[in-house]
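From the two separate chains plus the hints, produce the assembled complex.
The lines below spell out each chain.
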Amino acid sequence: EVQLVESGGGLVQPGGSLRLSCIVSGFTFSNYWMHWVRQAPGKGLVWVSRIRSDGNRKHYADSVEGRFTISRDNAKNTLYLQMDSLRVEDTAVYYCSKDDYGSNTLDYWGQGTLVTVSS
Amino acid sequence: DVVTTQSPLSLPVALGQPASISCRSGQSLAHSDGNTYLSWFQQRPGQSPRRLIYNVSIRDSGVPDRFSGSGSGTDFTLKISRVEAEDVGVYYCMQGTHWPWTFGQGTKVEIK
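So the sequence lines, in the order shown, correspond to chains S and B. Counting in our numbering, the first sequence runs from 1 upward without gaps. Counting in our numbering, the second sequence runs from 120 upward without gaps.
Pulled out of the complex, with its shape left as it was, chain B reads as follows (with noise of 0.2 Å):
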């Protein structure tokens, strides 16, 4: 299986300032297809997941421009510009180009 790693596991950041969460893969996610299957998932405390953007870079509708992914091979960047809040939880990245698809260990986002 795909080991995707994230860091840093925990992440206290004051409100208003911005935020960057690391996802790296064991291998790269360029599929064969041309596209590059990683996502970025937000659980908030006691919710199901929620996905914010898909293939790197696509934000789900109703998802705020605060949220931004980036990346591309091994190494992957979600960022949040602006921290509020309703942002304090747990997020995840998933690759999908290797079977079975795998998920990132998680990191924890707290206000200071």
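Excised from the complex, chain S in its bound form (with noise of 0.2 Å):
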């Protein structure tokens, strides 16, 4: 069974940072890249950043780019998204992906972990 699962969320201040963390089974993570999705509360969903299978390419959303750093420890099936100079819009519930090679989309969702950034 496939399974992700989030944490590190929690309450920052503006200008905080955060790191998350994705456990994943059921699969060879090594094998697909991944992707973070974050979704503000009672809005929809907005693609963040995703990882390539070893690491070497990654890309972001320009809303984060230069804030947010993605990562990925293959021998701990593990993803990270780094989020520097929080603000308080970068609130929302940020949930990992995985990615369906070859379908261009997202199969697998994990149950999301809450980020608020307030004072």
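Derived by calculation from the structure, the hints in this document are not laboratory data. The beta carbon of each residue, even a glycine, is placed where N, CA and C say it ideally should be. There may be inaccurate statements among the hints.
As the list claims (entries may be wrong) - Here are the in silico distance ranges between beta carbons for each label pair:
| id | chain 1 | residue 1 | chain 2 | residue 2 | range |
| --- | --- | --- | --- | --- | --- |
| 1 | B | ASP179 | S | SER25 | 16 to 26 Å |
| 2 | B | LYS231 | S | SER30 | 43 to 53 Å |
| 3 | B | ALA133 | S | GLN13 | 39 to 49 Å |
| 4 | B | GLU203 | S | GLN13 | 37 to 47 Å |
| 5 | B | LYS231 | S | GLU65 | 40 to 50 Å |
| 6 | B | VAL182 | S | GLN3 | 14 to 24 Å |
Here you go:
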């Protein structure tokens, strides 16, 4: 059974930092691109970032470019999102999601972790 | 970024009745590799998204056959043949043809 479990969310002040983690199981993590998608309270889904299976290619949404860093540890089956210079508008539930190779879509999602940026 | 627009944004439906959600993209979603990368996701209240359909019309394993997807180019549709209580939630389309991938705004399906 495929499982993705996020952690690391919480309350942080504007300008602060957080690191999210996503531990996966049930598939060969090192074979797949992985993504982060976020959802502000009561709003829709927004893609944030993705990383190639070997960790050597990364892409970011314009809204987080230069502030967020995606990474992975294939030995630990873990995906990360380092979030710096956080803004109030970064408040959202952050989901990690598995890329469905060859179909340009996301086939499995975690339960999400809530990040609240507020003073 | 490619804008994907869903309609309606709210859809009250009586139990057992059909429902239809439209998703329109600002550019054709026909990829140069011959595929069209349009997916549909269901998000039930308090849950994370679940993929229902990918490549326009391929249903995921375990998805009831009352859900179907169709369309081409810039116009796509998700249909529920007979709405059941468990279908309540928000439905999103997502295009994977153009980078970055983008989602529609979501359509909230509720029981009338």
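Results of checking the hints against the structure:
1. ASP179(B) - SER25(S): 16 to 26 Å: 20 Å Cβ-Cβ, so the 16 to 26 Å window holds.
2. LYS231(B) - SER30(S): 43 to 53 Å: At 48 Å between Cβs, range holds.
3. ALA133(B) - GLN13(S): 39 to 49 Å: Taking Cβ atoms as reference, ALA133(B) and GLN13(S) lie about 48 Å apart, which means the hint holds.
4. GLU203(B) - GLN13(S): 37 to 47 Å: holds, 45 Å
5. LYS231(B) - GLU65(S): 40 to 50 Å: holds, 43 Å
6. VAL182(B) - GLN3(S): 14 to 24 Å: holds, 19 Å
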